[in-house]
Amino acid sequence: SQQGEEDPQALSIQEGENATMNCSYKTSINNLQWYRQNSGRGLVHLILIRSNEREKHSGRLRVTLDTSKKSSSLLITASRAADTASYFCATDTASGTYKYIFGTGTRLKVLA
Amino acid sequence: NAGVMQNPRHLVRRRGQEARLRCSPMKGHSHVYWYRQLPEEGLKFMVYLQKENIIDESGMPKERFSAEFPKEGPSILRIQQVVRGDSAAYFCASSPSGLEAFFGQGTRLTVV
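Taken in sequence, the protein lines are chains V and B. Counting along the first sequence from 1, when you hit position 77 you're at 118 in my numbering, and nothing is skipped either side. Counting along the second sequence from 1, when you hit position 77 you're at 91 in my numbering, and nothing is skipped either side.
Keep in mind the hints are simulated off the structure, nothing from the lab. Every value quoted in this text rests on a predicted model; they were computed, and no experiment measured them. A portion of the hints provided could be inaccurate.
Some chain B residues near chain V, calculated using beta-carbon distances under 7 Å [claimed, not checked]:
1. Leu-52
2. Gly-56
3. Tyr-62
4. Pro-75
5. Glu-77
6. Phe-79
7. Ser-80
8. Phe-117
Anything over 12 Å on all C-beta distances counts as not near chain B; from chain V, calculated [to be verified]:
9. Thr-68
10. Gln-74
11. Arg-91
12. Gly-100
13. Thr-125
14. Ser-127
The C-beta atom is built at its ideal place from N, Cα and C for all residues, glycine as well.
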């Protein structure tokens, strides 16, 4: 079964609006990462947040982690058309093998 | 420092042929991961390797698939006797420590 599941599956917003994506997972983790994938391309690493952290920022990105609820959120502020992509969360399994389990992604479309 | 290099970018094979996918990790990275992505889906973990060792192959199909990461040279994902269901994008990632992973652009395998 999926370790990470993103919600919503698809999101369409106007340029300048904020976009929020959520990720839920099932088992304990050491860290959680968010990636972006443009259509037909490879993945770009956005942010890594460790299990003892609650919030991290990087430019227009803000990631929160709630280990009690086993969930994370990615907020993109002041979205741009170039933010159009699929966004995935990836979690390790806290088992020491450092393999990452990806969710099915949120497809974000930012309309100009 | 070049990123993770995968080749070929696109590979077409007829049913029953062999497919060899190559991945050169970033300089200094000794951890390599292979993932498979079916259309409109997230990435599925296949195998985690360190130099000359397979650490975790729990995501690899039991038959026809094999992976190696020799002391010298790239990591190779080998698929024997390909079938249509093997058509997918195969991504390689490398890491210096097993935490943050850097992904290549992927190899898109089409089986005809």
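Original post:
What are the numbers of the hints that this structure violates, sorted from low to high?
Top reply: Per hint list: 1, 4, 5, 6, 7, 10, 11 and 14 violated.
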